[in-house]
Structure formats: C-alpha cells, structure tokens
Amino acid sequence: MSDAAVMESEIRIVKDATCTFCGCVCDDMELTVEGKTITKAKNACVLGKAWFLNHHIEEHAVATIEGKPATLEEGVERAAQILANARYPIVYGLSDTTCEAQRVAVSIADWIGACVDTTTSVCHGPSGMAFQGVGEVTCTLGEVKNRADLVIFWGGNPAESHPRHWTRYSLMPKGQFVPEGRKGRTAVLVDVRKSKSAAAADIFWQIKPRKDFEVLWALRALVKGVDIDPAIEQETGISLAQMQDLVQRMKSCKFGIIFFGMGLSMTRGKHMNVEAALSLARDLNDYTRFYAKPVRGHGNVTGADNVVSWQTGYPFGVSLGRGYPRFNPGEFTTSDTLARGEADAAMIIASDPAGNFSQPAREHLKRIPYIALDPHESETTRGATVHFCTATYGINVPGTVYRMDDVPIPLRPAFDSPFPSDETVLRAIEKRVREVLRERQTN
Amino acid sequence: MDDIFILIPGRTSRQGTALNEGKLKADFIEETQTLFICPDDMARRGFVDGERIRIRSEFGQVELTCKGAKAGDLPPGLLFLPYGDPSSRLMGGETHCTGMPDSKGMDVQLEKLL
Numbered sequence: 496m497s498d499a500a501v502m503e504s505e506i507r508i509v510k511d512a513t514c515t516f517c518g519c520v521c522d523d524m525e526l527t528v529e530g531k532t533i534t535k536a537k538n539a540c541v542l543g544k545a546w547f548l549n550h551h552i553e554e555h556a557v558a559t560i561e562g563k564p565a566t567l568e569e570g571v572e573r574a575a576q577i578l579a580n581a582r583y584p585i586v587y588g589l590s591d592t593t594c595e596a597q598r599v600a601v602s603i604a605d606w607i608g609a610c611v612d613t614t615t616s617v618c619h620g621p622s623g624m625a626f627q628g629v630g631e632v633t634c635t636l637g638e639v640k641n642r643a644d645l646v647i648f649w650g651g652n653p654a655e656s657h658p659r660h661w662t663r664y665s666l667m668p669k670g671q672f673v674p675e676g677r678k679g680r681t682a683v684l685v686d687v688r689k690s691k692s693a694a695a696a697d698i699f700w701q702i703k704p705r706k707d708f709e710v711l712w713a714l715r716a717l718v719k720g721v722d723i724d725p726a727i728e729q730e731t732g733i734s735l736a737q738m739q740d741l742v743q744r745m746k747s748c749k750f751g752i753i754f755f756g757m758g759l760s761m762t763r764g765k766h767m768n769v770e771a772a773l774s775l776a777r778d779l780n781d782y783t784r785f786y787a788k789p790v791r792g793h794g795n796v797t798g799a800d801n802v803v804s805w806q807t808g809y810p811f812g813v814s815l816g817r818g819y820p821r822f823n824p825g826e827f828t829t830s831d832t833l834a835r836g837e838a839d840a841a842m843i844i845a846s847d848p849a850g851n852f853s854q855p856a857r858e859h860l861k862r863i864p865y866i867a868l869d870p871h872e873s874e875t876t877r878g879a880t881v882h883f884c885t886a887t888y889g890i891n892v893p894g895t896v897y898r899m900d901d902v903p904i905p906l907r908p909a910f911d912s913p914f915p916s917d918e919t920v921l922r923a924i925e926k927r928v929r930e931v932l933r934e935r936q937t938n
Numbered sequence: 083m084d085d086i087f088i089l090i091p092g093r094t095s096r097q098g099t100a101l102n103e104g105k106l107k108a109d110f111i112e113e114t115q116t117l118f119i120c121p122d123d124m125a126r127r128g129f130v131d132g133e134r135i136r137i138r139s140e141f142g143q144v145e146l147t148c149k150g151a152k153a154g155d156l157p158p159g160l161l162f163l164p165y166g167d168p169s170s171r172l173m174g175g176e177t178h179c180t181g182m183p184d185s186k187g188m189d190v191q192l193e194k195l196l
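From first to last, the protein sequence lines stand for chains L and C. The first sequence begins at 496 in the working numbering and counts up by one. The second sequence begins at 83 in the working numbering and counts up by one.
For lysine-lysine, the following BS3-like pairs were computed, each having C-alpha atoms within a straight-line distance of at most 30 Å:
hint, chain 1, residue 1, chain 2, residue 2
1, L, K703, C, K149
2, L, K689, L, K678
3, C, K105, L, K691
4, C, K152, L, K706
5, C, K107, L, K535
6, C, K194, L, K691
7, L, K691, C, K107
8, L, K640, L, K510
9, L, K544, C, K149
10, L, K703, C, K194
11, L, K537, L, K669
12, C, K194, C, K105
13, L, K544, L, K531
14, L, K689, L, K706
15, L, K689, C, K107
16, L, K689, C, K105
17, C, K152, L, K703
18, C, K107, C, K194
19, L, K691, C, K149
20, C, K194, C, K152
21, L, K537, C, K107
22, L, K749, L, K640
23, L, K669, L, K640
24, C, K152, L, K544
25, L, K706, L, K691
26, L, K563, C, K105
27, L, K691, L, K703
28, L, K669, L, K691
29, C, K107, L, K531
30, L, K640, L, K544
31, L, K544, C, K107
32, C, K105, L, K544
33, L, K678, C, K152
34, L, K669, L, K689
35, C, K105, L, K861
36, L, K689, C, K194
37, C, K152, L, K689
38, C, K105, L, K535
No lab work stands behind these hints, which were simulated from the structure alone. Computed from a predicted structure; not experimentally measured.
Go ahead and model the full structure; you've got the sequences and the hints to work with.
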C-alpha cells in the first residue's frame, strides 16, 4: 500500500476543532477523520453535524471562466482584468471565510476603489447602525455563562438557528456565580410566533407583528417610572401587568442580557428597533448590570465586521472610491448598489446574493461581470464570469474567526483540500491587480 | 385573494441541515418552498396540506406548497416560510437607507393554484 493510500485509510482524531457553521463558533469539537471524510463530530449540534458530515471534496475544476474549466492562473488573470477595468466595482460577502482572507479582500477593494460590504448588511447591519447611534453595553458569552440570571431572547429562534447557544453559553451551563445552571436563570422569549424555542422559556411573549419597538419603548418608560395606558395590550398583544412583571425582574436581577435576533433588524424600523433594545439595556444599568447583544448568523460574520472596521474604520457598506473610506448604509451597501444598477463589476466571496437578494439586485448582478469564490455550487457561482472553487475554512483551512461576542478563535482543520484557500486566490488576484494598475500608470 | 397576510421568513433546523447538503439539492428546495399557515386560516381559505398556492407581495410572486402550522404556533394572519430563494424573491430593493430590505413582516396575499 502506498503512503498516500495509508494516509487515506487511517483514522485520525482532531480535538478542539472549531465549527464555523453559525456565530456560536463552538471550539470543542472532536472530529473523527477517515481519509478525506469526517465520520463523527462529537459535541456538535444538529447543524454542526450536518456541516461536518456533509463535507466532501467535490469533483470540480479549480476555476471556471464563463462555465468552462480553466487553470487557476487563467482565472486569476480574468478576475484581475475585470476588477482593474471596472469603474464602480463592489467586493461583497466575506462572512464565511477566515479573517486572513477578509483582510486581503479589503486590500483589493482599496486598490481598485471598490465598495466593500459584507453579509452583515443584510443581517445585523441595522444593529451596527444602532451601535453607532446609542452605543452597546456589551460583554462576552463567558460572562453570560458565569453571571447571567435573567436571559431574554428577542426576535430569534435559537433552538433552531443556534442550538448550542443555550447549552454552552446562556441557559444551561453552571457558571461561577450561577452554580445551579438552568435553575439559577430565568429565560424569557419574545417573538411574533411560538417557535420551537418557546418550550424552553420560563416566560413567553407572543407579540403582535411589527410591534417590537412599541413594546421595547413601553418597557423603557416603565423602567423610568412613566405611566403606561393599559390599552397598550390591544396595540402590542402584551398586557401592562406582563410588562410590569418583566420590568421588576429586569431591575432586580444581578446580571441581565437581551439577545436580539433578526426579528428586530429585518423588520420595518430595523435600526430603530435595535436602538430601542440597546437603550433599554443601557437604562437598566441605573439599577443593575444589564447588556444587549446580537445573535449573529454566519461563522465569521463578526470577523468580517472586525476586519473591515480595523482596515477602513467602518464595519460594512464602505466606499473606497475616492481613495479614503466613506461609510453610508443605503448608498454603499450591496443590496443598494446592485438594485439601483450602479455596480459594473463584483467580487463575491463565500456568499450567494444571486440566491438571497431582492429581485432587482439579482437582475443587475446577472448583467455585470463578476467573480465568485465558493467551495460549493450556488446560483451565484453558476452565473459567475469567473468561479474559483476554494477549500472550506475550518475543515480544510486554518486561520482565525470571531465568535459572535467578538472573541477571536483559531481554526484547527481536519484534512487538506486539493483546492486553494480563499486567501491564496485573493492574494494572487491582488498581486495581478496591482501589476495591471502599475502597467496602466506607466503607459 | 383579498386577505392581507404578514409573512415572516426565518430559519428552521431542516433549512440549516439541508443547507449543508447543498442549496440546489431537493431537501433544501422542498423546505424553503413550504409555507406554514395558521390552521384557522387554512380552513377559512379552503387550503389543504400539500396544496400548491401562489404567494404575492408588492415586489414579486412565487409558488409554494402550503402546510398547516401546529396549533398555537402561528396566530391568524401570520405566515412562516423557511429562508431561501423563494422568500427572497418577495423582497423589494428599497432598504430605507439601511442596506437591508424589509425581509420580515412583509405584506402578502395568497391564491390557490387551480
């Protein structure tokens, strides 16, 4: 048997591997690896198991140009020409790749004067605007685990979207100052529907759709001792007595937190809804320790916020077209630059705007040349002028990701991929873009 | 056809696990094309589980399979659709200076496919 065949057949255990499916970024995985397949993912949740066990090295050319197989070098050349010749290019995605790759993507955007934007803009982008508006009283999930005795989930369904959030960080674990674990915490869920998360909550509020702001603002008023008309129940679905009870619990807890989901940031009102939640948490610090944190989705979307922030000063929706960064959600965010038909070229990293953007944005994306980097086939890769099939971060590629509470976590890959990493492809594109720009200057 | 419903797209376990198998695979497509409706609304509109219906917003329309939600999960007038290509096709391009189109709480109408 050859050395390669022995390697293929041997069983290895990878300890403390990191799952990058969701923003929990659980780094206590124990993976059983047989050749190029992960056969067990101990400690993983249902989503994590699907992430690891469905990972296969697909038969695919490393690059395709207009759907035809090409070499990496040919793909890089075409990509560099598209980007260097564009007048209003955009760089988008970035939440499912390493910080090291994100950094190179921002650098390319800087060289070509692009708008750089991440999937944050269609996720918790409005929350990012709210942080700038009213500030964020923040903490780590470790502090929640060790201290929180009142945990409120608002506009989210963690049982299905972030299954280990409860068991690892926020509800179940025994903490230093919460020695009883779940029994020592009160869990509240606020949502417009009775999701699977409701069964785990001590208190469940089913509020009327689009009334989050009103309920949050009423709670703020009650915290400050302002009288509220009992008719608020007809408006919001929540009675004054229920609100008074929760306010009492919030004021008297030792450490409270509101984890808010996209039920706030994606519903009409968006950043104003989030500002209301953040303001409520801030107000409660007159009485106790209280925090508010977004529950983030993609594995490294928080890393994207951090990397774009430390490179440009802003977290998303940044234009580098004038040679210096300008931040303006609604103007430089990708949904807008596509839907308004402004962008004339795009580079999309680890994202699928052709499958999840609005119809006008999708239609414009079809009209312009664009480059897609993604390990898997999607509507976006199918329509790309140049598609690079890349290795999967966390499973094949090492690097750094940020957990949803802004804690950086290292990746411990399970096995190598025949495909290059996003970072490798992006570095090659950056090098060639700089050469093309330099040649243009000298001519 | 005249009723205005409020649509909430969101994540489900199956949507998440099927996503890992591939967005172009049957499981993901089936999950993201299943619209959950309050049982009272199902009865009132004469819909039965598995029936194909058309859902229309101000910005787009898609055809979906309808399914009665578990009693008490959805109040009358509220619909739930797992995130995916169909839910996104109902969004408009306007982001109200946030970068984010209205993606939850969309006004929609339902129509039985003949």
